[in-house]
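Chemist: Whole structure, please, built from the sequences with the hints as guidance.
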Amino acid sequence: MSVEYKKIEHWIPLQKESEEKMLAEFESGNYTVENPLVKTNVYLINPLSAVVCFKTEEETAVTIRVRGKTKAADIVHTFPKAKTHVLPVLGLYANYNNTVEITPYRGNTTTIHIEIGDVCDHSVVEYIQTTPEYFEDNIMFLTPAGSEKSIGVDFAGDIRWHLTALCVFDVKRLRNGNLLIGTDRLIKLPYYMSGLYEMSPVGKIYKEFRVPGGYHHDQFEMPDGNLLCLTEDLTSDTVEDMCILLDRNTGEILKTWDYKKFLTPGEGKGLSYTDEDWFHNNAVWYDANTNSLTFSGRHIDSMVNIDFDSGELNWIIGDPETWPEHMQKYFFKPVGNNFEWQYEQHANLITPNGDVMCFDNHHNSTKVEEKKVPAYNNFSRGVRYKINTKDMTIEQVWQYGKDRGAEFFSPYICNVEYYNEGHYLVHSGGIAYDKDGIPSEALGPFAIQTGGYQQAITVEVVNNTKMYELKTNSNFYRAEKMKLYVEGTNLELGEGKILGSMGVTKEFDTEIPAEACGEMLPEDCNARIEDEMDKFTFFCRFMKGDLAMMLLEQGDEVHRYYIPTTAKPATAMCCGSFLDTDDRNTRTGVNKSGLKGTYDVRVIINDKKYETGIQIEC
Amino acid sequence: MLKEVESTEFNELVGNGLVLVDFFSTTCGPCKMLAFVLNDVEKALGDKVTILKLDFDKNKELVDQYEVKGYPTLILLKDGQEVKRMQGLQQKPAIIKMIEENL
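These protein sequence lines are chains A and B, in that order.
Numbering-wise (the UniProt record's numbering), the first sequence opens with residue 1 and increments by one.
Numbering-wise (the UniProt record's numbering), the second sequence opens with residue 1 and increments by one.
Everything labelled a hint here was simulated from the structure, so no lab data went into it.
Fair warning: this is a prediction, and the values are worked out from it, not measured in the lab.
The C-beta atom is built at its ideal place from N, Cα and C for all residues, glycine as well.
Be aware that a few hints might be false.
Said to hold, decoys possible - FRET-style restraints, in silico, Cβ to Cβ:
#1 A:ASP583 <-> B:PRO93: 47 to 57 Å
#2 B:ASN16 <-> A:GLY336: 57 to 67 Å
#3 A:ALA24 <-> B:LYS97: 57 to 67 Å
#4 B:LYS69 <-> A:ASP583: 14 to 24 Å
#5 A:GLY594 <-> B:GLU100: 25 to 35 Å
#6 A:GLU617 <-> B:ASN16: 34 to 44 Å
#7 A:THR450 <-> B:THR27: 20 to 30 Å
What the hints assert, rightly or not - Each computed SDA-like pair below joins lysine to any residue, with the alpha-carbon atoms no more than 20 Å apart:
#8 B:LYS43 <-> A:PHE26
#9 A:LYS83 <-> A:PHE26
#10 B:LYS69 <-> A:VAL368
Modeler: Below you can see the structure in the form of structure tokens.
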């Protein structure tokens, strides 16, 4: 057979099976605190974790201490009292015989050893500058922008958390202690994912929130626990210009904001603008004080605020150049000293007093081609603006990064975090150099392809004093400082839930008059199909410039999916994790929504229609 | 009408009514797909629009004149004046919508 077929199980049933196997073994044995059952990577995607299981005769609280390589690197958590203990162990080292202490309340300590193999690449961390007194037992979570998967780094620069599933974009802590991160299930290139995973840091996925238009870039937990999710209408002609509100319990879409209702595509163009990706929404923030949403639009160099209920435009922070006259009333007038606008910013947020912060990539330093500043003369920074919405003035009240010049310049991705007044994180995650070592505006994955290299620098400042700096030799989308454990059990047993629905994949309505040749797809296409419960992906190599289309046929019913074989230049690539180094290789995703029954998969190349021998059940 | 032309014939036809120009390349997959789409557009709209196809590589002067940066590029002209431009492969409904908005 010329086309390989592989069934891909969803993580949730796989994790259920693994958890049930562990619990069955636990129930069948006599496991005590002195002799616990120890299982590593029970949830299959966090190899730096384990679960220990044992019973005590009395209800008792239990403290787990993962011994660090130094005393300061210990990670300690006390679990609520119980008789049956199923306890996640977090923060294990790779390539190390870990020592873990288990201590019941007022009881004796049992020491166990958990050997973990070489499961992650430590060489990604170039250096870290901080102290254990400052950073304590926090972990800096870094999420992928390219080939590296998510990692968590402690104060010493050691990796203490790692996801082997390629979950992308931001990881955020929910108020219940769980993590919210993009799934690892790509529905459309370059980075539109099936939705969001709510998971425990041990890797257990409690819920997948599937989103019809796919998830990208950012998410936000509302005060009532519901979730804002950035998305788009994948059947429309534009991308990255929608936000939805998801019901936390059911995954149902409660509200949708289409940015074309309060902005006109083509107005306020930045230099990375395209007709399709006219806004490029990379962040969302809800401000309860003003009941408003703020969206960061990279390709209009602006942060846009709307009323949560009415969806009406309130204001825009950005350089007003290139915006038409009728929009000028939404812009602010700079006051004070040393003011500079942000360009192609990311990760906007509203501080408790109403100031607006973002990572100002400052890419191009302008909206006008003739004034463009090259990467080697540019800078990126974290910036904080004070705005007055009555007289529409704006003042720059803080920045970090400009003085570092090009070595801190990232043309894409990155974030800032507000911890307290004067206490901020600034993550320049998309630094690139060309093959000659000159700062480049190539977006990370493309810098590598042309012989260059990447870096990311994460900084924390307290009252303008740098307290932390982490440098990696890869790009990372965002950095988030969190503790591994939160108060409570940190692990709920039972099967996770797959919520929401996938959208119908956009089809091509024009028929190609190709001859059914009856032949199998040529071997050199290196074709394969990965089939999942709610979607499948067709991988195939074509010659550049081939006319290619995948067909799903069931009697007279035909569904057509055009396959682009000519690489388009990208002006944005915030997550290059799914890019193939050989641009002849294509990847075509089809959701099973809207399809029913058994379909033959056939492929048109130029004027011939080939068989794959594969049938897809929908 | 849908036909491939070169500069002389293009200049004769371009000033009259609604003309959709397709700058294409013979080496480009999306251009090949767009050719089938434009056949369908022509069937749907008949005489309402003239569709002229220009080979990107053989008509450099027109490529420069119309500041075409890549292919495929569709430019809709009304009495010789550009009224709309689309870059990349488009589906039939989007092209028909663009034309009908400018009839």
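Chemist: Run every hint past the structure and note whether it holds.
Modeler: Results of checking the hints against the structure:
| no. | hint | verdict |
| --- | --- | --- |
| 1 | A:ASP583 <-> B:PRO93: 47 to 57 Å | violated (29 Å) |
| 2 | B:ASN16 <-> A:GLY336: 57 to 67 Å | holds (58 Å) |
| 3 | A:ALA24 <-> B:LYS97: 57 to 67 Å | holds (60 Å) |
| 4 | B:LYS69 <-> A:ASP583: 14 to 24 Å | holds (19 Å) |
| 5 | A:GLY594 <-> B:GLU100: 25 to 35 Å | holds (27 Å) |
| 6 | A:GLU617 <-> B:ASN16: 34 to 44 Å | violated (54 Å) |
| 7 | A:THR450 <-> B:THR27: 20 to 30 Å | holds (22 Å) |
| 8 | B:LYS43 <-> A:PHE26 | violated (70 Å) |
| 9 | A:LYS83 <-> A:PHE26 | holds (13 Å) |
| 10 | B:LYS69 <-> A:VAL368 | holds (18 Å) |
When each numbered hint is compared with the structure, violations occur for hints 1, 6 and 8.
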